[in-house]
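My request is simple: use the sequences and hints to build the entire structure.
Heads up: the sequence lines are chains A and B, in that order.
The working numbering applies: residue 1 is where the first sequence begins, and numbers increase by one.
The working numbering applies: residue 220 is where the second sequence begins, and numbers increase by one.
Keep in mind that the hints were calculated from the coordinates and are not lab data.
Only a predicted model underlies this, so the values are computations on that prediction, with no experimental measurement involved.
Take these hints with a grain of salt, some might be off.
[To be verified] To list a few chain B residues with every Cβ distance to chain A over 12 Å, as calculated: (1) Pro-241; (2) Ala-322; (3) Ala-328.
[As the list claims (entries may be wrong)] Derived coverage of chain B by chain A (criterion: at least 3 residues anywhere in the stretch with Cβ under 8 Å from a Cβ of chain A; other residues may be distant): (4) 367-376; (5) 381-388.
For each residue, glycine too, the CB sits at the ideal point set by N, CA and C.
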Amino acid sequence: MELISAFAVPIGHARLDSSERLNRELERLFLARETPEYRNPTPSHIPQAQMFESRVDLFNWPEPCIQELRNFMLESVFRVAMAASETAREEFARLRLDNHTWFHITRPTGYFVAHNHALASWSAVYCVKDGTDSTGAPCGGLLRLFDTRAGADAYLDPANQRLRQPFLVSDLDVQLQAGQLIVFPSYVFHEVTPYTGSDTRITVASNCWFTAQGGDRPR
Amino acid sequence: MNEESRARTDSQGGTVPLFATPFAAVKTGADRHFNERLASLCELQRSAPRLPGDPSHDPLRFQGREDLLASIDTTAVELKCLILGQAAAVVAGLSNIGAAEFAKLHIQAQGWCSIVQRNGHVPAQHFSNASWLAVYCVQAGESDAGFNNAGVLRLYERRPGSMYRDASTRELKAPYRYGNHTWSPLPGWMALFPAHMPHEVSVVRSATALILVFAKLRFMEADAKDDGNG
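Printed below as a string of structure tokens:
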């Protein structure tokens, strides 16, 4: 008897080495631009006072810290997409990676409701500042990726209620730490749970899609 | 011609919602005095000493034991009658089982209260081994000015087909539109929907605590027995 995993969801994790300097620069820049001029004028969800969402052209900013982050994030997305694909490396190298990228500044009790991202293939979230205090006590702000098999656990019996990975039906809670990046398919519904710390939580999110060089853009 | 075949015939020439999820909001008729008694009962649970096996809770949300509807307390018994009666009426209307047959079904219920303070919330949840979830609102306050969708029951959109959208599908009308569904709890009202549906109660932004009773329900035939071949 062979047991295989089907319908798997690729999730990529990466960590930016020695990210402290970059994160300090990003934090300073984002806090300075937490202004109406840089606010997303067309938010997809009802905005909250406790969460600032920037415009989606972040990676077009010329500041070196932004470009450094851009390289890290898009390179990581590229690697994850390539690792999950049967497309040959040389073909992949000819694709263009487009993105919408923005930053979030979350203050106490801020959160983001469950959603996914239409018209994108890969989503990535980088943590600039996790908002935890020195004690490391739980402070919410979890990135929760919802299991794509919604309803699959509607019926449980004693034999299937303790399935092991990768078969367990369960949401994935990620407590991002500063310098950490997660990449996942844009179809995965996800949310950010209420941030209960007393500081600020800062993240950068990106929606990405690939196009053939010179080909039609799907958007 | 039964309901199903009639619907099938009717659908030949029209547009119908397929694979629809029932969501009912019911004004139960419970009055203020009943809700005050129920709120006191919930608060009593909160102030009682914690027992082994009690659900853990965060400081902004108390979740009571799951035996609320098994209590012999007069108010709890009334609540059980209220929830089961309203739920049965809704579900009977959704079923092809005849009224006489439906009335013979036995309802199993497991209920608990949640008391959510300002800035608290009920995190994403859904339930196994139950067909319906009833959410009865005992108490709700006015949200502070400037807060939209505070303290609402939010059912999550889970149709992945929403990933591709164009100009024609971006602004679909209900019931075809994509997106989460929210319901604002009001005292004396009850929501009912399939228990497997993922949902949450968003952050409460009012001075008055939000008090809800959740009840998992399943309808059993009176002579239900294991008909497996094991």
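Now for the hints, and whether the structure bears them out:
A cut-off of 12 Å between C-beta atoms confirms that Pro-241/B is not in contact with chain A; the least separation is 14 Å. For Ala-322/B, the condition that its CB be more than 12 Å from all CB atoms of chain A holds, with the nearest at approximately 26 Å. Once the 12 Å rule is applied to beta carbons, Ala-328/B is consistent with being away from chain A; the minimum gap is 17 Å. Evaluation of the coverage hint for the segment 367-376 of chain B: fulfilled, as 5 residues show C-beta separations to chain A shorter than 8 Å, against a requirement of three.
Check on the segment 381-388 of chain B: 4 of its residues sit with their Cβ under 8 Å from a Cβ of chain A, so the three-residue criterion for coverage holds.
Violated hints are absent here; each numbered hint is respected by the structure.
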